[in-house]
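Number of protein chains: 2
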Amino acid sequence: MTAPTTKTHCHPLGAHRVLEPVGAMPQDAWRIDNTPAAAQNEILCEVDVLNVDSASFRQIAEVCHFDAGRIGEHILQTVRERGKQHNPVTGSGGMFVGRVLEIGEALRDRIDLRAGDRIASLVSLSLTPLHLEAVREIDVATGRVWVRGMAILFESGIWARLPEDIDENVALAVLDVAGAPAQVPRLCSPGQTVLVIGAAGKSGLFSCAQAKARVGATGRVIGLVHDASAPPAQLLERAGLVDDVVEADARRALDVSGKIEAIAPQLADLTINCVNVPGTELSSILCTRDGGTIYFFSMSTSFTAAALGAEGIGRDVTMIIGNGYAKDHANIALQTLRDHPALHAYFNAKYKKL
Amino acid sequence: MTAPTTKTHCHPLGAHRVLEPVGAMPQDAWRIDNTPAAAQNEILCEVDVLNVDSASFRQIAEVCHFDAGRIGEHILQTVRERGKQHNPVTGSGGMFVGRVLEIGEALRDRIDLRAGDRIASLVSLSLTPLHLEAVREIDVATGRVWVRGMAILFESGIWARLPEDIDENVALAVLDVAGAPAQVPRLCSPGQTVLVIGAAGKSGLFSCAQAKARVGATGRVIGLVHDASAPPAQLLERAGLVDDVVEADARRALDVSGKIEAIAPQLADLTINCVNVPGTELSSILCTRDGGTIYFFSMSTSFTAAALGAEGIGRDVTMIIGNGYAKDHANIALQTLRDHPALHAYFNAKYKKL
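Which chain is which? The protein sequence lines are A and B, in order. Residue numbers for the first sequence follow this note's numbering, so the first one is 2 and each next one is one higher. Residue numbers for the second sequence follow this note's numbering, so the first one is 2 and each next one is one higher.
Just so you know, the hints here were simulated from the structure itself, not pulled from any lab data. Careful, some of the hints might be misleading.
[Unchecked claim] Rough simulated footprint, nothing fancy, chain B against chain A, three-plus residues with beta-carbon under 8 Å:
no., segment
1, 14 to 24
2, 101 to 115
3, 123 to 134
4, 227 to 240
5, 248 to 256
6, 293 to 304
7, 308 to 317
[Stated by the list, open to error] From the derived model, a few chain B residues whose C-beta atoms are all more than 10 Å from chain A:
no., residue
8, E106
9, L123
10, G158
11, A214
12, T219
13, A229
14, S230
15, E282
16, A311
17, E312
18, R316
19, I321
20, A350
We treat Cβ as the ideally placed atom computed from N, Cα and C, and that holds for glycine.
When you get a sec, could you build the whole thing from the sequences and use the hints?
Have a look at this one:
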């Protein structure tokens, strides 16, 4: 099979793979060319595992009544139709892990990667050309999908070589939320009060760990969780990743803000929203002081709900759209795991494939 | 008529007006109680004009084939159904101008406002209880809708007394986008390159004026417009609100970024997106340098398109959700108009009702 694009100009961002609409980029395209052959500036990978984005997987699982067979068929259908695992409802994707099969000749000598290397993609599946032969297994609890297939990374694509000291499935779970731990230290400073909404989820745990390290002894990290008796919520306190755990439904803005005000009357300087359910924008806003910052890492965030929510209550807060990419984010995330043995043990227990 | 809520606890954010779903806040509620009577901490206003949010009005106008009669019926229907002018498609609202009829007894002595004062609401119509008797007139070109009706402002509601030296319709048009000019000076500094996408629109013009004043002679403001021959685009250059005008369709990311790179190879330090059409996130990202900031003021912004767009091309940018509220934003916006006579003249020509 040859790439349909080898003879034409190959765009570093993959614009040459867009089929429709014409002029779109791979992420906003409805359909892209998933021919599994590397053009001159592309990397062809054999794909073993898809780590579907949490908001996307939740939506797919609900539609399929949490039936693994139907989830697999749903994913195959999306990829057949769009040439990528780009959930049309949530707009989000995920990432893959696999092995490099071929590196295009224009790229071969310019990057530190060889055929045979095991890597994880750090660009969203929502723009990654993907060709699936089969779905082999699905872990409904974690959103991991084992497949047989091939994917293309563009010249601008970001990837991480999988580390040797961390279990591969654990590393994948960590890299999936690598944006969060890399952003948190930029946003908070010593002595601040930081609220993490959805603290017991993957990105929440990492955000708490980074925030606690950054605000120090004079600062305070509050973790809001749905169920304080669940293992990850207990880990938060046991491992010292937070100062307080608060239990509430993040969608119930009045209840949430009442509980936070009760223990932190000045409200949060920084709120990090990591919840993968819609409707938590107002809770985030109500818990954040005037002049404070809210970092929305959740893919379920509604832009208008956030914008109008803050205006509606006249709260002068800076609201930031979570960017899955930050310089060195893969290394920062993996190092956070190494620095927190209890977190590492929890991830091993949850994500290590036996 | 009496407020259904006078005897119960009245929440400063208006939670007592929510009808469904239970536990929601007025903005995220599907339906709120629009009974036109002031509870103890509410302000009842007679409403003359609705200034429907630009993204919302565009959507309504398109559905109604730009027919004023059908647009009016559409608005009446939404308000009947939801108790507020909250566009279910765009999620956005707008603002109103009117006269204070009554101030609840718990609020009367605590605020600088009296019955009879003419004010503009500075909270979104998407959370404002609104009771309409009739739509009297619609200006399809500007999204202004003259009505007979009444509205409620909550204790937390923000309003501005209309200035005496500026025409009321002009002031209303300015206040509608007051968030933009107040935010821009916080985000840019002398010597920077600022790109304003949608520079010829209302919020775009104000953003350019503020950005140019802030970046100074060593900085550069580039205005991206859809049609460089249109009057507001020509005003940008004539009034010195920008250094360069670039013409492009903001949805065509590759075309836009090519044109910006051609005149500013280092890309923009700050990009302000003021376009009221969907699909311009990637253009904004491609035009902004690593480490730069993007301020999405447009209500058409998709959270996931922005988040995944930046990740997809590996661009380490800070993306901010436009907050319609910032401290003193009404005064800052009106002062920007006074400081720029050419801008004031343009607004008079466009929005002053003869």
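Verification of the supplied hints:
Requiring three or more residues with a Cβ within less than 8 Å of a Cβ of chain B, the coverage given for the segment 14 to 24 of chain A holds, as 3 such residues are present. Restraint check on the segment 101 to 115 of chain A versus chain B: 0 residues with Cβ-Cβ distances below 8 Å, three needed, restraint violated. Under a criterion of three residues with beta carbons nearer than 8 Å to beta carbons of chain B, the stated coverage of the segment 123 to 134 of chain A is upheld, 5 such residues being counted. Check result for the segment 227 to 240 of chain A against chain B: violated, 0 residues qualifying (beta carbon to beta carbon below 8 Å, three or more required).
Given a C-beta distance limit of less than 8 Å, the hint that chain B covers the segment 248 to 256 of chain A holds, as 4 residues qualify and 3 suffice. Check result for the segment 293 to 304 of chain A against chain B: holds, 5 residues qualifying (beta carbon to beta carbon below 8 Å, three or more required). Closer than 8 Å: that is the beta-carbon criterion, and the segment 308 to 317 of chain A has 10 residues meeting it against chain B, so the requirement of 3 holds. Look at E106 (chain B): its CB is around 22 Å from the nearest CB on chain A, clear of 10 Å, so calling it non-interface holds up.
L123 (chain B), annotated as away from the interface, has a beta carbon of chain A within 10 Å; the closest lies near 8 Å. With 10 Å as the threshold on Cβ separation, the claim that G158 (chain B) sits away from chain A is violated: the shortest Cβ distance comes to roughly 8 Å. The claim that A214 (chain B) lies off the interface holds: its Cβ sits roughly 21 Å from the closest Cβ of chain A, which is beyond the 10 Å cut-off. The beta carbon of T219 (chain B) is kept farther than 10 Å from every beta carbon of chain A, the shortest such distance being approximately 26 Å.
Non-interface status of A229 (chain B) relative to chain A is upheld: no Cβ of that chain comes within 10 Å, the nearest being about 20 Å off. The non-interface label for S230 (chain B) is consistent with chain A: the shortest C-beta to C-beta separation is roughly 23 Å, beyond 10 Å. Interface exclusion of E282 (chain B) from chain A breaks down, the closest Cβ pair being 8 Å apart, not more than 10 Å. Residue placement check: A311 (chain B) does not keep its beta carbon more than 10 Å from all beta carbons of chain A (closest about 5 Å).
Not every CB of chain A lies more than 10 Å from the CB of E312 (chain B), the least distance being 3 Å, so the non-interface label is violated. Distance check for R316 (chain B) against chain A: the nearest CB is about 7 Å away, which does not clear 10 Å, and the non-interface claim fails. With a least CB separation of 6 Å from chain A, I321 (chain B) falls inside the 10 Å interface cut-off, contrary to its annotation. The beta carbon of A350 (chain B) sits about 28 Å from the closest Cβ of chain A, which is more than 10 Å, so the claim that it is off the interface holds.
Hint check: violations occur at hints 2, 4, 9, 10, 15, 16, 17, 18 and 19; the rest are consistent with the structure.
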